[in-house]
Amino acid sequence: MSAPSGGRILFTAFMALVLTVLPLPPWLDVLRPVFLVLAVLFWSVNAPRSGDIALGFFAGLALDVFQGPVLGQHALALSLVTYIAVREHQRIRSKPAFQQALIVFAALAVYEFVLFAIDGWSGHPLTSPLRWVHTVTGALLWPPVAAILSYGSRGHA
Amino acid sequence: MAAFGTPAGRPWQGRGGSAGFRFTLYAAVAVVVMYLDQRQHYLEQVRYVLQAAAYPIQLAVNSPPAAWRWIWQSFESRERLQAENARLRAAQRDLELRSMRYEALARENGELRGLHAALPPLADRWLAAQIVNIQLSSLRQRLLINRGAVNGVFKAQAVLDDRGLIGQTTHVGPWSAEVILITDPEHAVPVRIERTGLRTIAVGAGDATSLGLPYLPSNADIKSGDLLVTSGLGGVFPEGYPVARVTQVHRDAVQPLAQVRAEPLAHVDTDSEVMLVWFRADRPTAPTPTGKSLGELKSGIPSLQPQAVPPRPLPAAPGPPAATPQPARARPPAAVPRRPQATEPAAAPKAAEPKAATPQPATPQPATPQPATPQPATPQPATPEPPKQQPPSPQPDTSQAKEQR
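Protein chains in written order, with our numbering: chain A, 126 to 282; chain B, 318 to 722.
It is worth saying that the hints were derived from the structure and are not from the lab.
Check the hints yourself; a few may be wrong.
On the chain A side, residues computed to face chain B include the following (Cβ under 8 Å) [said to hold, decoys possible]:
1) M140
2) V143
3) V155
4) G197
5) L201
6) S204
7) R212
8) F223
9) Q224
10) F241
11) G245
Cβ atoms here follow ideal geometry from the backbone N, Cα and C, with glycine treated the same way.
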């Protein structure tokens, strides 16, 4: 496994953040996966030592600044998901793409559930079922995202 | 893949406990941050700095649409621009006329009630802001505008466009501010039905073209086409600004509450500029301070029932001249309740009288609820009469003349 440079990780995370906050028409906005979470998941699985949980935490903090009602909400959710991904990175990495997508779906569901719970506790209840849509599209987009992110680096399956 | 099961992953994996430890650490930090932000509001400064850091990204992210718009506009034809110019000029003339009318009405209405201290908090100052970024999903309806704390923007400030209320600021950075729209599912705005004065709450539905009014009973007097204006309760929004128009009222005999939808008047999706409003926050709401006299006023003159000055200046045209003498009468609110329109001439002298009849000390005049009648020391309760008899007697005709005109 090649250890990607920190700069590469930061750059892709930044681009993912830009994609996440890019203004889109409403119908597309609902469908848009949280690219930053996908990127963090990818690096957690493929370079667990480079990013580690700090990557998840600070990426989450960035999301909080852009779209969080409470500072620390996305940070907590993304730290949790990152932790799981880092812990299980070997098992996840050995899976074929479509199984990986399923795992990503589960991870995104966990992520969204944490957000949902914190929303409820902090008095911003948002019960629209549409908030879960991005978990599905995120899982569907996982193979291409993973392919793009691993482009140029060697040693990946 | 290659690392699977090899010692390459082992040493790190051996520190798996520490991974869990680090996660616990970060999670604890996140929870503390959340607590501080949500419950204690200690992190306003941090948010301020972070918002400043995020602003360049938000600007950059919005640049492609902005560039596209700029290119589109620069290719607009001359004729179109001229036509638009003419249209805008006509609209401006119309609006100026209206606003003149409106100011006169506002003054007159406030004075009519004798509520100098309780005029509805009208806008003091305006500031136009460009929309930098816009989010219109069903989960989040937010704007980012290019005005921030350096322009004096503060948290929970009302934001309007030329047609109606848009929302309020939620996070303020130095050069930018985030605006939560009234259509955001997390937002609720206190409104009043202009036709009936019924107050309720309009909740965002996550859709740029609709609001819900979930707290109206089935027998509430509301119908399609009713205008909703801000009620001013809560102190965030100035009173009397249009918010939405009721589009659909569904009454189900089984349900205790009516299902009412309304369409916001502001066109958030097409605006490129919004207005920030400053109003006198020390006057939170108009109706509350003098509930008594106001109530009497309402019952006395149904035509004056809407307490605020709704922005529909033209129909009320005959009103102002009749009422203008009244405002001059200083402040005795008690004079208002008894059919002010009818006793117009009587009321004016009566008000003049206390000042004129100097022998009596002026003490009761200012604060007492019904100063006018007891003051003349005439036990007769028939209010209109004593003043009528007395006007000739008072010597300082100057004050009277001043008040008449």
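These are the hints, each one checked on the structure:
no.	hint	result
1	M140	11 Å, violated
2	V143	6 Å, holds
3	V155	5 Å, holds
4	G197	3 Å, holds
5	L201	4 Å, holds
6	S204	4 Å, holds
7	R212	6 Å, holds
8	F223	16 Å, violated
9	Q224	14 Å, violated
10	F241	11 Å, violated
11	G245	12 Å, violated
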